[in-house]
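We have chain S; now place chain R onto it with these hints.
Residue numbers (the working numbering), protein chains in the order written: chain S, 65 to 184; chain R, -9 to 106.
None of these hints come from the bench; they were simulated from the model. Glycine included, each C-beta is placed from N, C-alpha and C at the ideal position. Treat the hints with care, since some could be wrong.
[Stated by the list, open to error] Here's a subset of chain S near chain R, in silico, CB distances under 8 angstroms, partners left out:
id, residue
1, 107
2, 109
3, 112
4, 161
5, 172
6, 176
7, 177
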Amino acid sequence: DTGVSQNPRHKITKRGQNVTFRCDPISEHNRLYWYRQTLGQGPEFLTYFQNEAQLEKSRLLSDRFSAERPKGSFSTLEIQRTEQGDSAMYLCASSWGVASGGATAKNIQYFGAGTRLSVL
Amino acid sequence: AQTVTQSQPEMSVQEAETVTLSCTYDTSENNYYLFWYKQPPSRQMILVIRQEAYKQQNATENRFSVNFQKAAKSFSLKISDSQLGDTAMYFCAFMKYLWGGNKLVFGAGTILRVKS
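Chain R on its own, in the form it takes in the complex:
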């Protein structure tokens, strides 16, 4: 079974600085997808960035980028120029294939606090 591990329960960063959130996963599959979702306090979860395992190039979305190391099964999220609105719980997720669908397997999350 696939597992996702986020080893940092909490992180904090000063506004405008850069922070990296760690994620490792375990799978025997070769083709899969990885995601980072953001869950602000009392608000719904939104997709931050995604990575397709067969692509070697790391995904980027504005201030968010990933460092995908397939052999090491590592998928870290870097947030540049941190903003107060980045304060949230961040979940790393692995996409498991179901027949006709896709199931997400989540890590336990990392609480990120951006300080002014």
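The shape of chain S in the complex, shown without the other chains:
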């Protein structure tokens, strides 16, 4: 088990360009989360998948943002028409859980190293 993997680690783009990030969760995890972390702040929730279903999106996720998790495996986060305010670290986390919720040991979220986006 190699943990949660995110690619690329760093992305520099010009304002107005589209970017896509990838997250590979821990293989047996059915849940996948995206968070955004700006400098000096804690991560903020963006969206969440259980298997291939996207179950919640934060108000932070404007219509320029889209996330997918085809086949319930890896996930992609795309930002269209990037703006300088999109510059941040984008974190992915995964966990195993059941519909009844709760924070059993299997519901603990394991994080990737993140993708740092810089929009010039």
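For chain R alone, coordinates are given in the frame of chain S:
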């Protein structure tokens, strides 16, 4: 909405000494979970310790322990025998329930520097 407040932006401690990081939170829920995560420089965030709100006993993990005061909505982290490798950003987090899942609400973090 749940909020998490970490009032200490930065802390420093001498190697081998003890340090306590503060965290307060606000929620109307009765059952929830609290976590401390550690984020070393340029490295991924890892779980340090967790506490289930319905348990009165404070959680401990080796050199790490918490002081959970449910009525005061306080959740501090104590690190004993501090080591250089403890230098990191520490985040306190509240677990909010989603349908079929769990969303983490984080504080702004405390930078901890362990000095030799």
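So, going through the hints one by one against the coordinates:
Look at residue 107 of chain S: its Cβ gets to within about 5 angstroms of chain R, closer than 8 angstroms, so that hint holds up. Below 8 angstroms, beta-carbon pairs count as interface contacts, and residue 109 of chain S has one with chain R at about 5 angstroms; its hint therefore holds. With its C-beta approaching chain R no nearer than about 5 angstroms, residue 112 of chain S sits inside the 8 angstroms limit, and its interface hint holds. Because the smallest distance between the Cβ of residue 161 of chain S and any Cβ of chain R comes to about 6 angstroms, under 8 angstroms, the interface hint for this residue holds.
A cut of 8 angstroms between beta carbons decides the hint on residue 172 of chain S: the least distance to chain R is about 6 angstroms, and the hint holds. Because the closest C-beta pair between residue 176 of chain S and chain R is about 6 angstroms apart, less than 8 angstroms, the hint holds. A distance limit of 8 angstroms between C-beta atoms decides the matter here; for residue 177 of chain S the minimum to chain R is near 4 angstroms, and the interface restraint holds.
The structure shown violates none of the earlier numbered hints.
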